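Visitor: All chains, please: the whole structure from these sequences, using the hints.
Here is how the chains run, residue by residue.
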Amino acid sequence: MLFTKLVNSSFKRNLRVYGPYLVATTMLVAINYIFLAVRANESLKKLNTGAATSALLSLGFRFIFLVTIAFLIYVNRFLWQERRQEMGLYSMLGMTSRNLQWLTVIEKAYLLVCSLVGGLIIGVIFEKLAFLGLGYLLKIDHVSQSWLVPSALGETVLLMSLLFCLIMVIDLVKLHRMTPSQLWRPQTVKVKRHGKLYSFAGLVGLGLLIWAYYITVTIKPRISAIAHFFSAVLLLTVGTYLLFIIGSIVFLQFLQKQKHYYYQPRHFIAISGMRQRMEQNGASLATICLLCSSILVILFTSVTLYAGIGSTVKSYAPQNVVINSQRPLTAQQKALVNDTAKRHHATLTHQLTYTMAAPRYGYWKDDRFINQGDILHMDKQTSSSVILLTTKEYNRITKQHVKLADNQALAYANNKGHYGKVTINGHTYQAKRLNHYSLYFNPDHSIYTPSFYVINQLPKGTPTTTVTSFDYRMKGTQKQRIKFEGELQAELNMKNGQFTAKETISSLINGLYGGLVFIGILISLVLAITTTIVIYFKQISEGMADAERFATMQQVGLSEKETVKSIHSQVLMVFLLPLVGAVINLGFAFPAIRQIMIQLSLYNLPLMITVGVIVSISLLILYLVIYGLTTRVYRHIVEQ
Amino acid sequence: MNLLHISHLQKTYNANSTHPVKALKEISFDVNPGEYIAIMGESGAGKSTLLNIIATLEKASAGEILLNGQDLSSLTADQAAKYRREHLGFIFQHFNLLNSLSNRDNIYLPLVLAKVPVAEMEKRIQPLAASLGIEQIIDRYPTEVSGGQQQRIAIARALITQPDLLLADEPTGALDSNTSNEILDLFDRVNANGQTIIMVTHSAAAASYAKRTLFIKDGRIYHELFRGDDSLKQYQEEISKTMMTLTNGGE
Chain E
1 MLFTKLVNSS FKRNLRVYGP YLVATTMLVA INYIFLAVRA NESLKKLNTG AATSALLSLG
61 FRFIFLVTIA FLIYVNRFLW QERRQEMGLY SMLGMTSRNL QWLTVIEKAY LLVCSLVGGL
121 IIGVIFEKLA FLGLGYLLKI DHVSQSWLVP SALGETVLLM SLLFCLIMVI DLVKLHRMTP
181 SQLWRPQTVK VKRHGKLYSF AGLVGLGLLI WAYYITVTIK PRISAIAHFF SAVLLLTVGT
241 YLLFIIGSIV FLQFLQKQKH YYYQPRHFIA ISGMRQRMEQ NGASLATICL LCSSILVILF
301 TSVTLYAGIG STVKSYAPQN VVINSQRPLT AQQKALVNDT AKRHHATLTH QLTYTMAAPR
361 YGYWKDDRFI NQGDILHMDK QTSSSVILLT TKEYNRITKQ HVKLADNQAL AYANNKGHYG
421 KVTINGHTYQ AKRLNHYSLY FNPDHSIYTP SFYVINQLPK GTPTTTVTSF DYRMKGTQKQ
481 RIKFEGELQA ELNMKNGQFT AKETISSLIN GLYGGLVFIG ILISLVLAIT TTIVIYFKQI
541 SEGMADAERF ATMQQVGLSE KETVKSIHSQ VLMVFLLPLV GAVINLGFAF PAIRQIMIQL
601 SLYNLPLMIT VGVIVSISLL ILYLVIYGLT TRVYRHIVEQ
Chain A
1 MNLLHISHLQ KTYNANSTHP VKALKEISFD VNPGEYIAIM GESGAGKSTL LNIIATLEKA
61 SAGEILLNGQ DLSSLTADQA AKYRREHLGF IFQHFNLLNS LSNRDNIYLP LVLAKVPVAE
121 MEKRIQPLAA SLGIEQIIDR YPTEVSGGQQ QRIAIARALI TQPDLLLADE PTGALDSNTS
181 NEILDLFDRV NANGQTIIMV THSAAAASYA KRTLFIKDGR IYHELFRGDD SLKQYQEEIS
241 KTMMTLTNGG E
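Residue numbers (UniProt numbering), protein chains in the order written: chain E, 1 to 640; chain A, 1 to 251.
These aren't lab readings, by the way, just hints derived from the structure by calculation.
No false leads were slipped in.
Taking lysine-lysine pairs in the DSBU-like style, the calculated list, with each CA pair at most 35 Å apart, reads:
#, chain 1, residue 1, chain 2, residue 2
1, A, K82, E, K257
2, A, K115, E, K196
3, E, K365, E, K220
4, A, K115, E, K561
5, A, K22, A, K82
6, E, K495, E, K483
7, E, K495, E, K334
8, E, K257, A, K115
9, E, K561, A, K82
10, A, K123, E, K259
11, E, K561, E, K257
12, E, K561, E, K259
13, E, K380, E, K502
14, A, K22, E, K12
15, E, K561, A, K59
16, A, K123, E, K565
17, E, K259, A, K115
18, A, K123, E, K257
19, E, K314, E, K380
20, E, K380, E, K421
Among chain A residues calculated to face chain E with C-beta under 7 Å, some are:
#, residue
21, A77
22, D78
23, A81
24, R84
25, R85
26, F90
27, L98
28, S100
29, L101
Non-contacting residues of chain A with respect to chain E, defined by C-beta distances greater than 12 Å in every case (computed):
#, residue
30, H8
31, G44
32, G63
33, G69
Everything numeric in this text was worked out from a predicted model, so none of it was measured.
The beta carbon of each residue, even a glycine, is placed where N, CA and C say it ideally should be.
Guide: So, in structure tokens, the structure goes:
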């Protein structure tokens with residue numbers, strides 16, 4: 001049939017465009033399928049963190065699906081530009097608009113079938129792998145997944161078909177609106193003139209960015225930190241767009257006015273070229289910048305969280321089992337513990353019981369701690385908590401012989417602590433910093449990390465709590481240990497706030513953060529794929545526009561060497577701009593993320609820096625690889 | 001001394017293939033300083049190839065081409081680029097202005113590439129803009145002005161380097177007849193100031209402005225006409241007649 005032949009030949013001719021497009025859609029189909037298949041898994045739902053994991057997966061899927069929609073619509077514009085002239089030619093040769101519509105339908109159907117078949121094959125193969133990876137991240141070995149998940153297959157096919165219908169409709173509407181000669185004639189780009197308002201908008205963009213950075217740098221570890229972070233993200237998004245679209249132009253216009261700088265061969269070509277590029281690509285570059293920023297932030301956050309699980313667990317449960325109670329355990333309760341241990345063939349070791357003041361919440365005003373009461377009295381101002389411990393108890397449990405005067409204190413905090421002269425509950429102490437305190441923990445699992453102060457005497461009327469903790473040894477799987485811990489808690493009839501068991505809490509956190517990392521990696525992958533393709537198409541369309549420019553320049557006397565050099569410097573600038581922006585964004589997001597991490601009981605700064613650097617460098621390498629590959633295509637076009 | 005000396009010039013495309021295409025077979029002519037020459041011929045006659053060789057955009061397969069004593073065929077690609085921007089000016093049918101540059105910057109382009117100081121550029125553009133009548137539009141962009149005005153900008157770009165030789169490839173091809181005449185009058189004035197011009201065209205009206213017309217057919221110079229004291233109209237008729245005989249194949 002003629003139409004299929006025409007579509008086929010058009011595919012072959014435009015392989016440079018369709019090839020990468022199909023690779024990207026295939027990958028997106030695969031990842032969408034993987035998400036749906038993992039979400040549909042039954043054994044995952046039965047885990048104790050199952051509900052949280054599937055909620056995360058649903059959220060992640062929605063995000064990825066949105067990215068897929070945005071990507072398809074965005075890239076469709078490039079495909080349309082490629083096909084427009086062809087369509088124009090056909091219509092001049094006498095094809096009716098019905099014929100052209102038919103061509104569009106066939107084209108989209110082809111693309112859909114190719115990406116579905118390829119994507120589902122890859123999806124099925126890698127879904128198994130992804131699931132094993134998820135199991136590993138969650139640190140569980142008793143989940144299983146079949147090779148094929150029919151419900152997920154069906155859903156993927158349905159959703160993708162809907163999406164392709166959508167872009168088909170978009171194309172058909174465009175086709176309907178255009179006359180043959182409009183289709184045929186290439187669009188000429190006019191250089192826009194910009195008034196004062198325009199420069200003002202550029203300044204607003206810069207202002208918004210600075211505001212966003214200010215927020216992230218000054219975020220305090222309070223409940224409102226996450227809300228602040230999101231408002232910063234919003235400001236950053238708007239600011240980035242304004243700055244890329246308008247700020248860059250204003251800046252380049254300024255450079256153009258510096259005659260002695262502007263009228264030098266290298267600057268002349270670069271600045272005028274950049275100006276045209278930014279007029280056309282400001283929005284795309286801003287998008288690339290934000291995509292890269294999201295990749296960095298998502299990967300950074302999830303990997304840090306996951307890598308920090310050990311320290312989080314340790315701060316919740318310094319020993320295998322930790323019990324907080326108002327009074328020491330009764331003989332009866334002790335017997336219950338021993339009986340349960342015996343039944344599970346567990347041997348108890350390192351048993352320890354001590355008394356300390358119950359954690360008090362409040363905030364610091366200079367060196368004075370404003371006490372608000374227990375965890376139930378927290379409010380928006382709350383930013384830290386304090387636990388007092390008598391010297392006597394401290395010496396007993398750490399086997400030391402420390403002597404303090406009444407106005408002296410020892411202080412330990414694993415976040416930023418207050419040392420030197422401090423006032424707590426109306427008493428002023430000279431606090432000396434302790435470098436190590438092995439029994440440090442966060443009894444309420446609250447987001448405000450406690451500071452420990454060792455003093456001679458607790459003030460009168462201070463509520464106290466008794467900590468009973470021990471390790472246990474038992475043979476058996478993780479599942480059996482969790483069962484033992486669960487039974488122990490049930491026998492003692494204690495709430496979660498009072499009873500903390502390491503194995504249980506660690507599997508809980510692993511389940512939560514493991515799921516986060518899994519989703520973080522997949523989302524980053526999706527963002528990376530879309531970013532790559534967006535860059536690729538940018539390069540191609542730029543190349544076509546630049547080919548003409550460079551031909552003229554060579555006629556006027558630009559040598560080939562100079563041409564190649566200026567191509568490189570321009571492409572590199574356009575390329576590096578978003579990445580530099582992304583790294584700066586990460587740099588400013590860092591303090592904010594750190595404060596949020598602190599709320600999630602992660603205080604390991606060196607770890608965060610390491611992860612941040614590794615993530616940034618990996619992105620840079622990936623980016624440069626993409627740059628290298630796409631520049632070859634670009635040069636090929638320009639030098640034709 | 002001749003400004004341009006061409007002797008026995010040949011150009012063969014795909015020389016090593018089974019179907020070599022001989023675009024230029026035997027071209028010899030000289031151009032003296034201050035001349036205004038039109039090269040005429042039908043499409044495919046080899047006009048553009050000849051112009052491209054003079055413009056150092058292509059290299060001849062055989063023969064000699066000297067511009068101001070400089071052997072153009074011995075230049076490397078980079079030397080050729082430098083030579084172009086120092087000694088030659090170009091005018092194209094489609095103007096070939098860069099839309100990303102303002103008209104002023106388009107005119108400055110060859111000077112910027114040659115690293116001429118800003119003060120010198122500004123000094124040169126003023127009289128040029130006045131004589132070409134583009135003072136009003138000089139700070140607009142090419143897409144904002146008419147075709148005739150764009151061609152004036154292109155002429156300014158070609159002249160600002162004070163080239164030894166101005167090369168024009170169908171300079172009126174994309175313009176209506178009124179605008180064409182304006183542009184051709186401009187060429188006349190430029191020539192009167194001593195600028196040597198070589199123009200390729202297939203319009204007899206355009207060629208009639210030149211002082212000498214070379215006719216090319218099948219890669220050879222077929223005929224040569226001098227305007228002498230003829231009026232524009234007489235000369236144009238003569239050119240048309242020659243073109244007719246050229247097309248019909250006999251003399």
